[in-house]
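Chemist: Now for the letters of each chain:
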Amino acid sequence: MKFKTALLATALTSVAFAASASEVTVMSWGGSYTKSQVEAYHKPFTAETGIKVNSVDSDNPATPIKAQVEAGNVSIDVADVEFSDAIRLCDEGLLEEIDTSMLPAAPDGTPAAEDFIDGALQDCAVANIVWSTVFAYNTANVSMAPVTIGDFFDTAKIPGKRGLRKSAKATLEMALMADGVPAAEVYGILETDAGVDRAFAMLDTIKSDIVWWEAGAQPPQLLADGEVVMSTAYNGRIFNAAVAEGQPLEVVWDGQILDFDLFVIPKGAPNKEEALKFITFSTDTKRLADQASWISYGPARKSSGALVGKYSDGKTDMAPHMPTASANLGNALVNNFEFWVDKDAELNERFNAWLAN
Amino acid sequence: MALPKYADPLERAWHYIYLVICALIFLFLIAPILVVMPLSFNAEPYFTFTEKMLKLDPDGYSTRWYDLLLTFGMQEPDAVRDSSWWADAWNNAHWIQATKNSVIIGFFSTILATTLGTIAALGLSRSEMPARRAIMAILISPMIVPIIITATGLFFFYSWIGIQNWGIPYLGVVLAHATLGIPFVIITVTATLVGFDHSLTRAAANMGANPTRTFFKVQMPLILPGVISGALFAFVTSFDEVVVVLFVGGLDEQTIPRQMWNGIREQISPAILSVATILVIISIALLTTVELLRRRSEKLRGVTPR
Amino acid sequence: MTDSTANGEMLTTADGRPLKAALAKAEAHAKRRAFLLVLPLLAFILITFVAPIGQMLFKSVNNEGFTVHEDLGTGVRTPIMTNIAAWFDENPLGTDPGEDAYEALAKDLVVLRELKAPGQAGTRINYELSGSRSMFTKAARKAKKLKPPYKEAILDLDEDWGSPKLWQVMRGASSSFTSNFYLAAADRQRDENAKVVMVNENRQVYVKLFMRTLNLSLLITFLTFVLAYPIAHLLATLPLRHSNLLMILVLLPFWTSLLVRTTSWMVLLQSQGVVNDALVASGILGDENRLQMMYNRTGTVIAMTHILLPFMVLPLYSVMRPINPSYVRAARSLGATSWTAFRRIYFPQTVPGIGAGALLVFILSVGYYITPALVGGADGQLISNLIAFHMQKSLNWSLAAALAALLLGGILILYWLYDRLVGIDNLKLG
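One line per chain: the protein sequences are A, B and C, in this order.
Note that the first sequence covers residues 1 to 357 in my numbering.
Note that the second sequence covers residues 1 to 306 in my numbering.
Note that the third sequence covers residues 1 to 430 in my numbering.
Pulled out of the complex, with its shape left as it was, chain A reads as follows (with noise of 0.2 Å):
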């Protein structure tokens, strides 16, 4: 019983010790993207203030945010979050608002509200990334190489599987799109009941042919494994699967769909300090130049776009790969996050429903 009561106090005390360190939980989208984080905000952080990060990885930080609030057992202190969910999860309430004056000027002096994109700066987020959903495929294994959008849901033109991201957004948009509707009018037509329809009717002639995945870090995997032909993916995934790793993965920008990743602090973060910190440290115009030399994601601050130089590896310019980049601009579509923080519950309920028949 001694050995007994001797371990329990060795594990209570360690512990004990561990939370009198300052410390802050951040909860990121896993993989590379994670990485990149790592490398760029959370080690200078932790090198800088002596604060440690804990990073914890979700398929889509969001989800658990709401769970845990709505339980009243909140362990995360910041989350990387889409727009259309940082603008919903403040709205009802489950985030704690940020001051966003505090945000330091860029180093030209031009004010942190000016210097930010547009709608980058919201009562409860702050942005840190431009993003986007596009397809991808393997040069290995497909009978030829995909242009368009539409060429996506052609099974006869190019046989085999697809991957798609498991959920209403962005796959309804694509589906849309490859319908032949101009990127301008995609939400206007799926306001509608008769949009939405013509969506998964469109969805509905490759749903035998659909590999769904949750985690961003599946679909570079399902394509090198050979296990789909070509699949939705965050842009930045394919790009690090292709330039760290020299998978011979291509990206097809016809019909991207861009979106931003804000932090946000869920109401009740045990380290409340300590996140506002951590975005303010990660969110200056160096840090977020530094984010973009790990991973093809555009800064949030126009400031940091012209420090953004080569990848990591000192070769790769990075330029060519982002999303913003004026060349894959051609047919792109931005994530209307008003429709989405609307919609995203009523679509997704429609979209299960679906998915199980």
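I should point out that these hints are in silico values taken from the structure, not numbers from a laboratory.
Virtual Cβ for every residue (Gly too), placed ideally from N, Cα, C.
Errors might be hidden in some of the hints.
[To be verified] With a straight-line Cα cutoff of 30 Å, these simulated BS3-like cross-link-like pairs (lysine-lysine) come out: (1) C:116 - A:66; (2) A:66 - C:151; (3) C:393 - A:207; (4) A:207 - C:208; (5) C:107 - C:165; (6) A:35 - C:151; (7) C:25 - B:217; (8) A:43 - B:100; (9) C:151 - C:165; (10) A:277 - C:116; (11) A:66 - C:138.
[Unchecked claim] Beta-carbon label-pair distances, calculated as ranges: (12) A:326 - C:288: 50 to 60 Å; (13) B:37 - C:71: 50 to 60 Å; (14) C:214 - A:101: 57 to 67 Å; (15) A:326 - C:379: 38 to 48 Å; (16) A:194 - B:78: 50 to 60 Å.
Since the structure of chain A is already known, use the hints to place chains B and C on it.
Modeler: Positioned in the frame of chain A, the structure of chains B and C alone reads:
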């Protein structure tokens, strides 16, 4: 099974077909477990046998995935492998952290399950036990109720009582795993108590031993093999459990199965297979222990194996 | 037995108490002692297992989404939608909502806006009337600017506010207690007259999933039986020394981590995996026609059959082992063919084992979660996966609880049946 002498040719043929079918079924049972072992030594990041592997070319094999298990999550994985490198691995490598957590949780939940389970089994195996059947049904139910329902219930319950604020690490998961392990302890211990000769305890009492002394000197040695098997079952249950950990485990309570779950869903590299291989070896060891214990128990109780 | 001896004197113990009373006391004492031994564990299970499940089941009939707002920072609980609830109390079902109703609604929307609760209330209504969540969030944003006449003003925002169905759903949700989540779990809903009807066809999911779970579980049970019977028979008829060795092949999978076995199947079944590679290399399949055995039902069935097979082998084995081979021999010597001897003599004796194994495998497979989640793709998911989905993703906890309650109910019936037919004491673990 010998073929009787009077068997006709058709029966003989059928008999051999039958043996082949059985062999195939055994292959179906065991092959999936063994196939991961060679594949975990694949030099390439694929899940299939490369040509080099099939030719038994040493170049086709490597221990890189085992090495990755060690270095994954380290601060300076590429530094010289001196004592500070090992300290780094011990403190930061994800799989090592997961192993520590799994062992701590498994240890405490096993102690709890075995203690409570053994005492209860002693009561349950007494003929005087009231409402035996109903109580037994309740105690075994954690094994029958789908794990997702248990996990869901615990998620709300723990949030409601605020268990994470009690300051006892792992408490929620340990309690849950103990609950899940208890049916196994009850089953194995009551099984050893079946046919337990109660005149032995009466004899002990007759000779002046108090109940505690009787338990430790007479009953305990006889049921010990069952208790240990039950404890091993409870430990394995905890060691393999992922759903409850996913639902109620704190973010820092990464266990081996949880780490595997993430790994399988995200980037299923052969590193997962090397973990799998290690786990298979552990289960072989545990199985051997349990088998030896079972035989010892049968010998002790004088039960001849059927 | 009588209490007294022939001369009418009561039998007493040494200290002079009547023997019957002393015995009863001793028995009661023994009973109490036995029960006290079990008590700590029983209490433990009741607290850590039964209570949590009970609490969850409560959620299936109780949802405060439309009645109470809880501030997540401070924990302060504020009743919401009070005006409209009062209107519903005064006006029975079927009353056309007039200006007074819309005025109550407008007041409640202002409160929602202040509390940041339109999403919460809208979500609750949206569970039963898809498309209504955005009506609440939009209307609440403009709630303060609404001027009388309110009916016109609100219908101006969105004419769907006039839908009788919406009003019926709000009426139902204005009380925290509801049976509607059970209806939803059975693909049913209440129409504008509160009559129970089926939901729209493209939203019928749950009945289908329950049926799928049932079908796949039956299929898996059958497959495990087909595979387990021959090897259990072999194990039971071999001399112990050999059968103990072969038994290890059955027990090893049993002791191996579930995740390990699932991973192995993923490795085997992938389209670039070992099985497909072997088939292509042997020329049976073309490289383009690789079989899709994973991320679909096939994967779920194969992996689960493998994982549950030991649970079938062990009970069969324990029934077959004691069967005396001389019965079959006697039948043969009386002229039965080997098939007849098996069918009429051997097989009937193994039926209890089949029952035990089949029930156990079936009970375990209807609740399976991990394996379908990893290898099942979209159409290999079982009801447990849907419960997890509503728990973790859609966060419709009441519906998750209702689905869980239905599943649990079914399993408890089977469990009761198992206890009746087999007896829990006969559960064996190797």
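Chemist: Work down the list of hints and note, for each, if the structure agrees.
Modeler: Going through the hints against the structure:
Among the hinted pairs, residue 116 of chain C with residue 66 of chain A is consistent with the structure: their alpha-carbon atoms are about 15 Å apart, no more than 30 Å. For the suggested pair residue 66 of chain A and residue 151 of chain C, the alpha carbons sit about 34 Å apart, so the restraint of at most 30 Å is broken. A distance of roughly 22 Å separates the Cα atoms of residue 393 of chain C and residue 207 of chain A; the hinted pair therefore holds under the 30 Å criterion. Under the criterion of a C-alpha separation no larger than 30 Å, the hint pairing residue 207 of chain A with residue 208 of chain C is consistent with the structure, at around 18 Å.
Restraint check: the Cα-Cα separation between residue 107 of chain C and residue 165 of chain C comes to about 21 Å, which is no more than 30 Å; the hinted pair holds. A hinted pair counts as satisfied when its Cα atoms are at most 30 Å apart, and residue 35 of chain A with residue 151 of chain C does not qualify at roughly 54 Å. Our distance criterion of 30 Å between C-alpha atoms is met by residue 25 of chain C and residue 217 of chain B, whose separation comes to about 28 Å. The suggested pairing of residue 43 of chain A with residue 100 of chain B holds, with an alpha-carbon distance near 25 Å, which does not exceed 30 Å.
Restraint check: the Cα-Cα separation between residue 151 of chain C and residue 165 of chain C comes to about 17 Å, which is no more than 30 Å; the hinted pair holds. A hinted pair counts as satisfied when its Cα atoms are at most 30 Å apart, and residue 277 of chain A with residue 116 of chain C qualifies at roughly 26 Å. This hinted pair checks out: residue 66 of chain A and residue 138 of chain C have alpha carbons roughly 21 Å apart, not beyond 30 Å. A hinted range of 50 to 60 Å for the beta carbons of residue 326 of chain A and residue 288 of chain C is inconsistent with their spacing of about 39 Å.
As the Cβ distance of residue 37 of chain B to residue 71 of chain C is approximately 55 Å, the hint placing it in 50 to 60 Å holds. Remark: the range hint 57 to 67 Å for residue 214 of chain C to residue 101 of chain A is upheld by a beta-carbon distance near 59 Å. Restraint check, residue 326 of chain A to residue 379 of chain C: a C-beta distance of roughly 42 Å satisfies the suggested window 38 to 48 Å. The hint said 50 to 60 Å for the Cβ distance between residue 194 of chain A and residue 78 of chain B, and at roughly 58 Å that hint holds.
Checked against the numbered hints listed earlier, the structure breaks hints 2, 6 and 12; every other hint is satisfied.
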